[in-house]
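**Q** Chain B: place on chain A using the hints.
Next come the chains, spelled out residue by residue.
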Amino acid sequence: MSNQTDAQQTPLLQVHDLRVEFSTSQGIATAINGVDLSVSAGQSLGILGESGSGKSVTARTIMGLLDTPPARVVGGQILLEGEDLLSLPSKVRRSLNGPRMAMVFQDALSALNPVHPVGRQIGELFRVHRGYSRAAAKRAAIELMDRVKIPAASSRVNDYPHQFSGGMRQRIVIAMALALDPQLLIADEPTTALDVTVQAQILALLKEQQVERNMGLVLITHDISVVREVTDHVAVMYAGRVVEQGPTAQVLSAPRHPYTRGLAESVASEELKGSRLPAIPGSPPDLLNLPMGCSFANRCWLATEECNGRVPTLTELGESRATACFHHEEVQPYAAHSR
Amino acid sequence: MMGYVLRRILQMIPVLLGATFIIYALTFLMPGDPISALTGERPLPEATVAQIRQAYHLDDPFLIQYGNYMLGVFRGDFGIDFFGRPVMGLILERLPATFALAMTAWVLKLFIGLIIGVYGGLRHGKAADHFALVFTVLFMGIPGFVIALGAQTYFGVHLGWVDPAGVRAGWPMAFILPALVMAIEAAAGLARLTRTSLVDVLRAEYLRTAKAKGLSDQRIIWGHALRNAMIPVVTYLGLSLAGMLGGAVIIEAIFNIPGIGGLMVSSINNKEGTIVVGIATMLVLVYLVFNLLVDLTYGLIDPRVRV
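Those sequence lines, one after another, are chains A and B.
Numbering-wise, the first sequence is residues 1 to 339 according to our numbering.
Numbering-wise, the second sequence is residues 1001 to 1307 according to our numbering.
Far from chain A, by Cβ distances over 12 Å, these chain B residues were calculated: (1) Val1146; (2) Thr1153; (3) Gly1247; (4) Asn1291.
Output of the computed footprint for chain A on chain B, the stretches with three or more beta carbons under 8 Å from beta carbons of chain A: (5) 1196-1207; (6) 1210-1216; (7) 1222-1228; (8) 1299-1305.
Everything labelled a hint here was simulated from the structure, so no lab data went into it.
Note that the structure is predicted; figures quoted are calculated from it, not measured.
Quick reminder that beta carbons are idealized off the backbone N, C-alpha and C, glycines included.
Here chain A stands alone, though its shape is the one from the complex:
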């Protein structure tokens, strides 16, 4: 899907040096520590990382959904078609949610209001943002439910969330996100709570809608296979930073950061059958007390003195790839590596 000329136009979404802190009872936790991202119309960007890496916080910050306090955006810019969202008054910013950007959540059951029929929850977008009548909003809701392939939409429009299966509920959440034809769709672990077979259907639906509407899609996940299937570009996050980014296929087959290398290796595959599944030793750093140097250094087999001394910045490598590693040239391609 990716297209080099697209990427050279003003990107749809640009995130520059975003920093978010949380005040906790134990002190200040740095959840996002200088994140840079860029998504163009029609492009899909995967954000890959383990829990606590800051990927969900990044998504919520973009959508303006952080609870402040305890969270605080301490620096950076979020540009939607060049307009800095962080400098907008909160009401104006809120009004962009729905028509300009939208979000799909991880757990559809808790993301839907249990006491309202689903049709009303979808139709509410048309009523609030476009001033539709009750009847027109209901018709629009049925049409959307049809488009996300919910069977017998017109008879199910008055049903409540608990009357649907997990996959159908996620389709309703997607219908809600797509309602006003947003330019940017952020999906935060949209398939994590679903069965494997349903996962594939939901991903196919997201992909299809993204292509059809020429939307920018940000797909947040901890699942490499999801990134591989759906996204053109990927940004790998670790301890609140993007440590590597570039075209998905290249990043996953020839990682230029030891962490990405470790992630790619830890996925079960045919050739690993019978042997122990490799895992990255150690655990991510304490966000309350980040190390002075590279956050991954204590788990890294390539780490040197330099890595502990200062933080490697995200550096362009050409071919729209970038990495934040001093030793990126020593990272072996995944396919060539064997145990």
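**A** Positioned in the frame of chain A, the structure of chain B alone reads:
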């Protein structure tokens, strides 16, 4: 739906049997003899006492007495007192005053409790919330009769805004002060429950979805948060109305309101078992009916438990 209601009504029967059995047994075990309590210092001749005891089946074994009583109850007959007056009539005579007091108190409580609770919940953690918390703890801590006597002395005697006692002024003036006293005490619990429930709901994922849909804060609170926050509150409100009917005894005594509570207390003193058991049975019935109504209303606001 009809099947559900019918099933629930049938379920009431064992509960009613169990509750009345316990009350009946307790009355039976009350110390003192009802006949001697009736005659006081001038004892009746042996033969007359024996005749009265037989007329009221007082010498029958406990279970036979209870069985006779329950047969009557299921025919709508609550028995008679020692002056031959039907117990049902006595209760019905006293019920309107208690009902007026309890309903007035309940409505006042609803307003006071919900307003303080919603306000505290929305300003969660701010000064107004702390103030509401102090208010509720204060009124939960002070015993009801202290507030009642204080209010009676100040508003009734000192300021003379209302009659200090009695029901001569009729509804609402005669009931407003006792009802307010009951309401303020009960509102504290309601306010705390409402506040906690709302604070919980405000953290819910679906409110984050509402923000992601670009809804205004007002719409999020009124359209999405409050109805969910009311789910536990409705249960509490329904049951508390039944509780207020039974719990008005002290307030009725202080404000001299001729209600069920006063009748209950005097019957216990006079060892008039039929009236005590009659009132208790009636209150158990009211409680069960309210319980059913609550469960039916519950389905209206929470579709997940709809029957």
